[in-house]
Amino acid sequence: MSSTCSCSKEFVDEREERLTEVIEKYRGVRGALIPVLHEAQEIYGYLPFHVQKRISEEMQIPMGEIYGVITFYTQFSLEPKGEYQIQVCLGTACYVKGANLILEKFKEKLGIDVGGCTEDGKFSLQACRCVGACGLAPVVMINEDVYGGLKPSEVEKILKKYQ
Amino acid sequence: MEMVTLTIDNKKVRVPKGYTVLQAAREAKIEIPTLCFLKDINEIGACRMCLVEIKGAKKLETACVYPVSEGMEVYTQTPQVREARKVTLELILSNHDRSCLTCVRSGNCELQKLAEQLQIEELPYEGETHKRPLDNFSPSIIRDPNKCILCRRCVSMCKEVQTVAVIDVIERGFDTIISPIYEKSLNEVPCVNCGQCITVCPVGALREKNDTEKVWDALAAEDLHVIAVTAPAIRAALGEEFGFPMGTPVTSNMITALHNLGFDKVFDVDTAADLTIMEEGTELLNRIKEGGKLPLITSCSPGWIKFCEHNFPEFLDNLSTCKSPQQMFGAVLKTVYAERMGIDPAKIFVVSIMPCTAKKFEAKRPEMTSSGYPDIDVVLTTRELARMIKEAGIDFNETTRQHFDDPMGDASGAGVIFGATGGVMEAALRTVAEVITGQPLSSLDFTEVRGVEGIKEATVDVGEMEIKAAVAHGLGNARKLLERVKSGEAKYHFIEIMACPGGCVAGGGQPIQPSQVRSWIDIRSERANALYKEDKKLPIRKSHENPTVQRLYDIYFSSPGSPKAHELLHTHYTPRENYPEE
Ligand code: SF4
Ligand code: SF4
Ligand code: SF4
Ligand code: FES
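Protein sequence lines correspond, in order, to chains P and L.
Quick note: the first sequence, position 19, residue 19 per the numbering used here, numbers continuous.
Quick note: the second sequence, position 103, residue 1103 per the numbering used here, numbers continuous.
Please note: incorrect hints may appear among the correct ones.
Stated by the list, open to error - Under the rule of at most 27 Å between Cα atoms (straight-line distance), these lysine-lysine pairs were calculated in the DSSO-like manner: (1) Lys53(P) - Lys1390(L); (2) Lys1184(L) - Lys81(P); (3) Lys1480(L) - Lys53(P); (4) Lys1159(L) - Lys1209(L).
None of these hints come from the bench; they were simulated from the model.
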């Protein structure tokens, strides 16, 4: 995770500059951390480590506090999000109906881990706690679409719909 | 002072305005149970153990943060209060890893004590629990999140008092955990190993890395010459683990117990502290005379050193190049001592007993091997030593040995007071003043640098010279002082910094006092008093008059700051990045 990656250097630098502007804008403002994180996430799509580190150093806020805020509010994300965000429910009801097998299938088909994003930026994968649709267990959500009563064998077919 | 009168359980009490109900109850000799509360450090009303009924209030209130007012009527034992407290405690216990039998804090655990006090006999619900991995990668600190009750005392200590801020509350709801970022190990973040988080934890969620097995093995090995060296602060606090009143010096109990454990020799680290003063005092005089880097800053507190390496690299050249007394002593034992006693240094095993968890890290620094052997083999905290004494069934009341062993003998009073904030400064001033003036001091007590005020200053006239000195203890105070020096607002010749608030007597390896004690008694002063008492009593109170130190220069180092001394007794520092990019 480095800003010196040569292939996208210009792109990265442009984002870095925008982050500098955001930090400048809020310099000396009390309670500025949340708005800064918001704007940083708008720039990067998520809040990677090096962005947290810059905010920490330049705003003199400990890393732990920044990380604590990011992980407290669901609106912030530590991982890049894909165009399609897949959420596999691992609540108790889904779990007993084999949700973990479905999760494994997604991992295998996409070649990513939980929290990861495919290289083309198309899919990201998350496991979540109960979404309150236990009657449909096991449940998977892809953006706004809800899939219930899934079997691992159906995973491939579903992914095709979004490709 | 404006006072208010209120009643607590129908008892009238008059207290200053601004007191909390908890403070007022204490005045009225009524104990209200608490769990997250730690006076001046963590007053956040988070755990709701201290609920009380206040007449006229709509709901039960938390006594630890609720301010008193005129005519207030407080009830601490109504059926509603008792029930609410019980339920709160049962909830905390329901998802706690209740493995008391194998827990390091059993018997000294605030949660366990509450469960007993409130007579929790069974738990009506079994909460969902996380099974989280133990973080035991740090050389000093073990974190066990499964025992954590989220009281946040450690976070307040690390962030507000120490300004290190490597642990915080992360995630939310059921997933909430106290942890470094990305649930990394403390070993991967700029933790300075001070252990202050351990001393405030009410439960067994934080503890030191246990190194006692290595010591048992060494003691059992036939061919090893096993030496214990004890820091000054140990004698001021070890007694607390055995029921002695706080502030009782237990020097001879300690020496006796160590011999009974089977150590071949028991030496006093204060001897090395005297040696440190000789080296550091000389360094100070040289820097002043030759226009070297000033202020000179003390280097005996390894938590402070790591903090400086991470946060103030621009001050690394200000640090004294002297090793800490612990490391100096190890180096001397494995060279001069080995040679004189005719013992193969490879067969000498040095166990240092320290009030400090950062010393475990310091002993493992790669540069601490100038004799060809590690200066120190194992570091034990005061608490670990107490556990060994208990495990061996030794009677701690036995005091058959009054003195440290020859050939090192007893140290000076100057070495003894190293354990309290301001002690190194005072010890150095005693020696430097006499060396410069060539005259004996009329009074040896530099009281300006004693006491628990966060930053202390003194200007001392020695001969023609005026030495400006400052003392800071606790890293938050150190940060403040250094910012002042950096901005040019303050100028000093000599600064003493100790990582722990109060200095070593309240170090991260010392006996743990529960909130019920440490919220109301200043353990830093109580323990420091034990050291000042001992200093007053000793026949020799100045480092340069310690005969062992004089002999070490005669037979080996020739003079303070000599090339030989530099080789064995001095070291260097490296800047450290805070959160390296992976
Ligand atoms: S922390 Fe306290 S209650 Fe929990 S297991 Fe340890 S001794 Fe028992
Ligand atoms: S040892 Fe000190 S620096 Fe490390 S987490 Fe604990 S309080 Fe913070
Ligand atoms: S680790 Fe200890 S001090 Fe820190 S929040 Fe948990 S229980 Fe409290
Ligand atoms: S809320 Fe008062 S002790 Fe925790």
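Could you check the structure against the hints above and give me the numbers of any it violates, in ascending order?
1
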